[in-house]
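*Asks:* Given next are the chains, with one letter for each unit.
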Amino acid sequence: MTLVDRRLITHFDWALAGFAMALFAVGVVNLYSASGFRMEEGITLTSFYRKQLYWGMIGLGGMIAFLVFDYRHLRMLAWPLFVATVLALVATLLWGKTIMGARRWLDLGLFNFQSSEFAKISLLILAAKLLSRDQGKLGWSQLLILGAIGLVPALLVIKQPDLGSAVTLLLILGGMAMFRGIRGSVLKVAALLVPAALPLGWHLLHDYQRQRILGFLDPGNDPLGAGYHIIQSQIAVGSGQLWGRGFLEGTQSQLRFLPEKHTDFALAVFGEEWGFIGCLVLLILISLFLLSIIRTAAEAKDGFGCYLAVGIFFYFFWQILINIGMVLGLMPVVGIPLPLISYGGTSTMTSFCLIGLVLNISMRRFFFKK
Amino acid sequence: MHLNRDAESHQSSKSGLLFLQLLVLGIFVVFTLRFWYLQLHRGQEFADRAENNRIRQQQVYAPRGLIRDRNGLLLAMNEPAYALAIVREDSRDIPAALRRISDWLDMDLDLLQETFEKGRPRIRRFEPQILVHSLSFEQLATIEANTVTWPELKIVTKPRRFYPQGLLLAHVIGYVAEANEQEMIADPELTLGDSVGKKGIEFTMERTLRGSKGLRQVDVDVAGRQLGTTLLIPPEAGGDVRLSIDLELQEFVDQALGEHVGSVIVMEADTGQVLALVSKPAFDNNMFVSGLSHADWALLRDNPAHPLQNRAIQSAYPPGSVFKLVIAGAALTHRIAAPTDRVFCSGGLRLGNRLFRCWQRSGHGWMDMNQGLVQSCDVYFYTLGDKLGVDRMHPHSVESGFGVRTGIDLPHESMGLVPSRDWKRRRFNEPWHGGENLNMSIGQGYMLTTPLQVARYTAALINGGRLLKPQLLADASPDILGELPLQAGYREFLVQTMVNTVEESRGTARRIAKPGVRLGAKTGTAQVVRLMSEFERADLKDIPYHFRDHAWMNSFGQRDGRSYVITAMVEHGGGGGSTAGPIIKSIYDYLFSDPLPPLEMDEARDPG
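Listed in order, the protein sequences are those of chains L and Z.
The numbers in numbering that gives the first Met the number 0 rise by one with no breaks, and the one at position 142 of the first sequence is 141.
The numbers in numbering that gives the first Met the number 0 rise by one with no breaks, and the one at position 20 of the second sequence is 19.
Take the hints with a grain of salt, since some may be wrong.
[What the hints assert, rightly or not] Simulated pairs of lysine-lysine, DSS-like, Cα-Cα distance not exceeding 27 Å: (1) 157/Z x 197/Z; (2) 128/L x 300/L; (3) 197/Z x 117/Z; (4) 157/Z x 117/Z; (5) 128/L x 13/Z; (6) 386/Z x 187/L; (7) 157/Z x 300/L; (8) 423/Z x 386/Z; (9) 300/L x 136/L; (10) 136/L x 13/Z; (11) 117/Z x 153/Z; (12) 197/Z x 468/Z.
Bear in mind the hints are in silico, worked out from the structure with no lab data behind them.
Taking the hints into account, I'd like the entire structure generated from these sequences.
*Replies:* Structure representation (structure tokens):
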């Protein structure tokens, strides 16, 4: 087996890479607008769009790093990576940097490392390894093993506290399990267990997390408090109407009525300035991006590659679902960014690395051809 | 090779892939519908709300109209003042903000909280609520330096009223103060923190002076910081008011009255223009403008001399002998007595078993109407009063302007009181007694008049019988409210007796005589205590202040077509002629003072 095969180039999934780059470009342009503050005194703040560009370049490096090696080596690294993840999460809880009351970042000197993102990658690699070992619908024992490896990092992440990441971790695992298929008998019991677990979960939540859920259910109850984000976000998106207010013209975002507009609510800025047409184009782009990942999963010739692609699909899918749902007022406010669109170093890097992994799988599908 | 371990056996699950594709289709459809709902179905509504989010409307205070005297001198003006306001919606922690203010301005926190809670229900969203008026420059600097950290605190520029003359015209001008709950309910134009005229001209001319507030559109960011403003409705300044008052004369009269408690009115007889209106003691109306403290208010309210009372129009006194003119007029009109009919005064008149005394115990001897007025003989008027009876004295008095308001443009004017049979039955459920006719005929008993009513009556005697509205606005034309119920001949007779009172050696007002000026007067000494016997003949200074008589004098002075009425009333001042006389004389000296003729001086200096 030669290290550099011409087929590696010919099988490169230009479409997926193109959709990803297009989304990232939209994100940077949108951040340019979200970074602007129209103020009397003209205070200039750190321009997020520029920092995001730097992150994108680092991300591209990560993407290339994730496609040069044969992804199948990861199967052997799955357990060591997972153990390293758990250790990193514990370290974060013990020595992590506290930003806005949450201990989510490990200071690695050059940059602050958000360990929960690392957890998502290692968890989906381990899950892909476990799921590809056998076939058929999942039974109790397999589900319990999956649940156990999911709950350990999830509980550590909840302690940070970062409910959004913890939920995403479990949802990625759940999505992969659903893709494999779950036995009917197990599903029936699970259907009964989930409602029973809800009150328990409510009990575990922090006060501000409960406020957000209540704020989502009844935003008008406290328009300047818990419901504020939801109302302001819907006003921003809604006021875009058909064609949008135009680039840099959104009053909601420019005048800072919109909170977290460069991170979790970046889409609201986009909706305000580009309108329904812009949002429709963005949705199509996102859908094509996701469908490209699915195609990679479909064409993968080994189970590990297939499950890896499915796990990465769910990594993007759940975050897109939760973030857009939140911006559109369909879901409670959870701190989850829109991949490639929202500002965020770790999130951008993780996204590019995972896209690199998908490209890796897609490039090497010919290894199994006759 | 181990990397290819499961390659041969792997078959991607078809149903799993379909499941993934359905998920993508699902979010595409759901989110597209949601975008359609928010941006197209409800887009306009959200666009409107976005506008409201960043645009706030603010009131722009209109400068209140100026008040000047008849010569254009400023009596009420506006000066810039700064108030501290809070915008609730911009505050994350209102109690903390209030604590800061209390610290900075060294104010009582409880009082601040009370102000805030009281105003709260009347303030619209995003409207600055004024907490502290009239900030000093030091306070202003402290707050300005901290508005970045406390964006909810705003400095509101609001013109503040200032009365340069203070005490001198407080009773005429009155004052403005913050509108209270009832005023805001009655007048929807008023909002919390607005100043409104409470007393005096400020109250009666409120409509003219107020102007109308403007509206400013303010673009703000989420912290409430202003980004730009547009004037939507320019404020309309209030109209100026020019008073009939002559400031220099007012000052002179004020000094002439000195430390006496009482009032003096100087009026133009032909127009009703009030040139001076002094009531003492007075108060400083500037105290009310930025809110009177409880202690200051208690001090004013409980002052036994009642400085807030405008004695010229709000206090009603027994008119005493001043009223004899009215009785004489009634007797002439009803032909009870001719001017030449004589009555013998022996020092008293017996009615039934009661003796009604003349102030002159030794008696005046034979009195005709002229002498009865000039010497103010009580017995002469007892006789008239007995013959006239209350049923004729009452309507004549009312038609002469007593017992009714004069209509001056000042609030809370007293009506005074002219008793009648009906009134006594309603008030005391008692019939009218014959002796009460006698009391009424000399302006005692139940009779009460305000100094302004007396001034207006006197003006009517010399202006052709017209009862004018006492006019405080320089530009208003004379307002005739009635006619004296007197034939011209009788009226002229009464005027002549007033002149005689000044000019005859036995006249009670002889001390005000001034060569070259036609002066007429009638004095009055109104008894405060019915039974004065224990103080009779005692020296004024030996009588306790509150038992001393009120001193009245009403007068007119005419020369070269100018014609003035001056009425003075000194509370517990003793004899009308002796106390009120010198005050009035000095005012006529001022009014008719002749500047040295410049021509003669030139000739004297230039003999060549």
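*Asks:* A separate judgement is required for each hint: does it hold in the structure or not?
*Replies:* How the hints compare with the structure:
no.: 1; hint: 157/Z x 197/Z; in the structure: 18 Å, holds
no.: 2; hint: 128/L x 300/L; in the structure: 14 Å, holds
no.: 3; hint: 197/Z x 117/Z; in the structure: 21 Å, holds
no.: 4; hint: 157/Z x 117/Z; in the structure: 21 Å, holds
no.: 5; hint: 128/L x 13/Z; in the structure: 20 Å, holds
no.: 6; hint: 386/Z x 187/L; in the structure: 118 Å, violated
no.: 7; hint: 157/Z x 300/L; in the structure: 79 Å, violated
no.: 8; hint: 423/Z x 386/Z; in the structure: 20 Å, holds
no.: 9; hint: 300/L x 136/L; in the structure: 19 Å, holds
no.: 10; hint: 136/L x 13/Z; in the structure: 13 Å, holds
no.: 11; hint: 117/Z x 153/Z; in the structure: 19 Å, holds
no.: 12; hint: 197/Z x 468/Z; in the structure: 22 Å, holds
When each numbered hint is compared with the structure, violations occur for hints 6 and 7.
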